[in-house]
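A.B. asks: Sequence:
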Amino acid sequence: LEGFVCVVDDSSSAASSMEVTDRIASLEQRVQMQEDEIQLLKSALADVVRRLNISEEQQAMLNRKGPTKGTTQTLRHLIWWKVLEFPDRFVYFSFAFNLSCFARTCSKNKQTYKTHFFWNIPVLSVCYNWLSPVLSLHYEGYVKMYLKGRPITMYMPKDLVDTYCLEAKADLPPKKLKLDWVYGYRGRDCRSNLYLLPTGETVYFIASVVVLYNVDEQLQRHYTGHTDDIKCLAVHPDKITIATGQVAGTSSDGKLLAPHVRVWDSVSLNTLHILGTGFFDRALVCLSFSKSNGGSWLCVVDDSNDHILSVWDWQREERLAEVKCSNESVFVADFHPTDANIMVSCGKSHLYFWSLEKGTLVKKQGLFEKQEKPKFVLCVTFSENGEAITGDSSGNILVWGKGKRIKGSNRISLAIQGAHEASVFALCMLRNGTLVSGGKDRKLISWDENYHKIQTVPELYGPIRTVAEGRGETVLIGTTKNYVLQGNLDGEFIPITQSHTDELWGLTVHPLKHQFLTCGHDKHVCLWDSASHQPIWTKTLEDAAQSAGFHPSGATVAIGTQTGRWLVLDTESKDLVTVHTDGNEQLSVMRFSPDGHFLVIGSHDNYIYIYAVAENGKKYSRVGKCSGHSSFITHLDWSVDSQYLVSNSGDYEILYWIPSVCKQVVSVETTRDIEWASFTCTLGFHVFGLWPDGSDGTDINAVCSSNAKRLLVTGDDFGKVHLFSFPCSQSRAPSHIYCGHSSHVTNVNFLHDDSHLQKDKVTGPYLSHASLALSLALILSFSSPTPPSPSFLSHTLPVLALLYLGNECALCFT
Numbered sequence: 001l002e003g004f005v006c007v008v009d010d011s012s013s014a015a016s017s018m019e020v021t022d023r024i025a026s027l028e029q030r031v032q033m034q035e036d037e038i039q040l041l042k043s044a045l046a047d048v049v050r051r052l053n054i055s056e057e058q059q060a061m062l063n064r065k066g067p068t069k070g071t072t073q074t075l076r077h078l079i080w081w082k083v084l085e086f087p088d089r090f091v092y093f094s095f096a097f098n099l100s101c102f103a104r105t106c107s108k109n110k111q112t113y114k115t116h117f118f119w120n121i122p123v124l125s126v127c128y129n130w131l132s133p134v135l136s137l138h139y140e141g142y143v144k145m146y147l148k149g150r151p152i153t154m155y156m157p158k159d160l161v162d163t164y165c166l167e168a169k170a171d172l173p174p175k176k177l178k179l180d181w182v183y184g185y186r187g188r189d190c191r192s193n194l195y196l197l198p199t200g201e202t203v204y205f206i207a208s209v210v211v212l213y214n215v216d217e218q219l220q221r222h223y224t225g226h227t228d229d230i231k232c233l234a235v236h237p238d239k240i241t242i243a244t245g246q247v248a249g250t251s252s253d254g255k256l257l258a259p260h261v262r263v264w265d266s267v268s269l270n271t272l273h274i275l276g277t278g279f280f281d282r283a284l285v286c287l288s289f290s291k292s293n294g295g296s297w298l299c300v301v302d303d304s305n306d307h308i309l310s311v312w313d314w315q316r317e318e319r320l321a322e323v324k325c326s327n328e329s330v331f332v333a334d335f336h337p338t339d340a341n342i343m344v345s346c347g348k349s350h351l352y353f354w355s356l357e358k359g360t361l362v363k364k365q366g367l368f369e370k371q372e373k374p375k376f377v378l379c380v381t382f383s384e385n386g387e388a389i390t391g392d393s394s395g396n397i398l399v400w401g402k403g404k405r406i407k408g409s410n411r412i413s414l415a416i417q418g419a420h421e422a423s424v425f426a427l428c429m430l431r432n433g434t435l436v437s438g439g440k441d442r443k444l445i446s447w448d449e450n451y452h453k454i455q456t457v458p459e460l461y462g463p464i465r466t467v468a469e470g471r472g473e474t475v476l477i478g479t480t481k482n483y484v485l486q487g488n489l490d491g492e493f494i495p496i497t498q499s500h501t502d503e504l505w506g507l508t509v510h511p512l513k514h515q516f517l518t519c520g521h522d523k524h525v526c527l528w529d530s531a532s533h534q535p536i537w538t539k540t541l542e543d544a545a546q547s548a549g550f551h552p553s554g555a556t557v558a559i560g561t562q563t564g565r566w567l568v569l570d571t572e573s574k575d576l577v578t579v580h581t582d583g584n585e586q587l588s589v590m591r592f593s594p595d596g597h598f599l600v601i602g603s604h605d606n607y608i609y610i611y612a613v614a615e616n617g618k619k620y621s622r623v624g625k626c627s628g629h630s631s632f633i634t635h636l637d638w639s640v641d642s643q644y645l646v647s648n649s650g651d652y653e654i655l656y657w658i659p660s661v662c663k664q665v666v667s668v669e670t671t672r673d674i675e676w677a678s679f680t681c682t683l684g685f686h687v688f689g690l691w692p693d694g695s696d697g698t699d700i701n702a703v704c705s706s707n708a709k710r711l712l713v714t715g716d717d718f719g720k721v722h723l724f725s726f727p728c729s730q731s732r733a734p735s736h737i738y739c740g741h742s743s744h745v746t747n748v749n750f751l752h753d754d755s756h757l758q759k760d761k762v763t764g765p766y767l768s769h770a771s772l773a774l775s776l777a778l779i780l781s782f783s784s785p786t787p788p789s790p791s792f793l794s795h796t797l798p799v800l801a802l803l804y805l806g807n808e809c810a811l812c813f814t
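In UniProt numbering, the protein residues as written are 1 to 814.
Hint data in this document are derived by calculation from the structure and do not stem from the laboratory.
When the alpha-carbon atoms are kept at most 27 Å apart in a straight line, the in silico DSS-like pairs for lysine-lysine are as follows:
id, residue 1, residue 2
1, K291, K364
2, K574, K513
3, K709, K144
4, K513, K618
5, K720, K148
6, K574, K619
7, K523, K443
8, K364, K324
9, K440, K373
10, K169, K158
11, K523, K539
12, K169, K148
Distance windows between CB atoms, simulated:
id, residue 1, residue 2, range
13, V640, S667, 16 to 24 Å
14, K175, T277, 29 to 37 Å
15, L460, S573, 16 to 24 Å
16, N270, R150, 45 to 53 Å
17, T271, V20, 43 to 51 Å
18, D651, G254, 19 to 27 Å
19, D641, L460, 46 to 54 Å
20, K175, E56, 48 to 56 Å
21, D36, D216, 52 to 60 Å
22, I274, T581, 46 to 54 Å
23, V31, S667, 36 to 44 Å
24, Q29, T271, 39 to 47 Å
25, S573, D641, 28 to 36 Å
26, K176, N270, 14 to 22 Å
Even glycine gets a Cβ: it sits at the ideal position worked out from N, Cα and C.
Between the sequences and the hints, there should be enough to build the whole structure, so can you do that?
C.D. replies: Rendered as structure tokens:
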């Protein structure tokens, strides 16, 4: 059609597209709900059919025997379905009743009396999208619960059948945990997070914990006020007050946890102020106290699309000014040391000088002029006369200050071309006027007051992310491999903190000593001494590690990888003893039998591989594999006599095995009274009370009972560690709850004497912004270091920020 003009309204089209997308999402949700409901109906129907068959068999036997004189007996079945409508979903309840009517006829005063007995036996009670109320059938001696619509039947020991009551209330455990040690440092994707305090403590953060580590006394204290990952830290000029900022998160009940800043006292560890709840978006990435006005102001940058820069009077919790900083990443925002109204920020493709004028932040862009503009300006510090000094991704160090007005000058006065062979990650101005720079080239370089190179210190522990001044001639370094190093420019640097650099899943404790072993996706295996909190040895593997288990003698340890390969190491020498391959998927569980004669391996290919072990864990021969699970293996436990094995899988199956012949045991009478050597399976009669309402079956990652079988600990997807009394066989059992991890707690374990609890943790990328996977290990102890004496505060030492990115850590509770 000539002359026909079609005009499309973009906004209408976009709205229509969004409406269609929403409708499709809604339909998908409805289909999923209906599929789950169908699954529930199938489960209920199968249970009803089974019971009908049993009843018909019983009725047939009664018919063959014939009625007893004076007694008639009938058995009828009634299935009752009821649908209750809730505002946003239907909740289905089904009950099956055995209505057994016993008619007893007796003659009394020539009158006939009939007595009827009725009782109800609930067969199924399922609440869609929630964990079903657990129910107990006493006459058959089992408890049944539902996870994601799947019925899970758990048989109780015979001696509990007559006395067990599901409604009985469990007690809180008599013991409590206290955070004792944190292994690791977040140096991989965070900046300005390493300082020295006047107390002699080095302060840094990992996950949601701030660590105050006294290296000389080998003591740690911890600030645990945050609810999710900490991303930035700043120390007040008084060297006592500290500010830390966290990311947004989600609680276990689905509530959003807003990003915010917490200002707290480093001596008492008390929270003084909380800033910005509801104002910041996604996370906090930069923090800095003002210097020249007594530290009254706090500069904050969040991780929103516009990276809002705001200035706060933190004592009044009042926001003084705010401005859109940049659409690109912001790495540093810092106050000028002599003028609180001037700030400098830098990041990807920008360097800005800000002036606070009458409640408004005015921006001046750094002018590179003849100097080639770098892709990233990575760090900022200040000279004694107030010049800003920057390091960038081109390896250059630039000094900003020209003319009479040095403060806030946006022009280059000096350029040190090629100061480093790669990106300059960190700059630190020492008290004596020496500038120290650290870079991706793993070099630490010192420069005199005229910016001439003094010396170069090679670094063996990864690229240098941050540098800070310590006591006297001491310098602190944080690296991208999550090491914190201590040393001086004339000597050697030694690690004071180290950890893994990728997801951490493998954890096992030595059966005889105060040692534990960790292994992770970074291909590193590390044996730790829990007394000295130092690694005994580390070893690098060819494949990412997933699981580990000690031989009962402690002489060897088996490591499972993500590729189906597994190996055994000598515990003393870390030498390779043997290597095998079973399948090509990850090996999630490595478990030796209590007598040390078998090793079982749970794989993601749905099989359990069995090996005979000889020569004190040095020789292995394959017995076979157990097949029967319809999903990947998640947990395994041995019986005390090493004759039986119980396994859990990804679709919530509980199966029993005779490992010596790789046969499944289906007899309930055989399995219900087995005495188990450990309780690491998340499903079973002795542990089902740990499941909270609303669980989908994957929320609990790890379970472990104490060696004395009095306590039970769990690690979940919400960064929580729960301590229960053992056995935990009452629905909704109460627990003590502990935080520290910011995301998934992947593993938990007690030391051999139950003095400490070891924990592994992994944090995945945030949905709101790109972030490398983190891992964390915790140890809990019953003792806690006391706060430092106020007398320490009489010696005021300068503290400098360190730029460091780290993401692996371990904590310790007892």
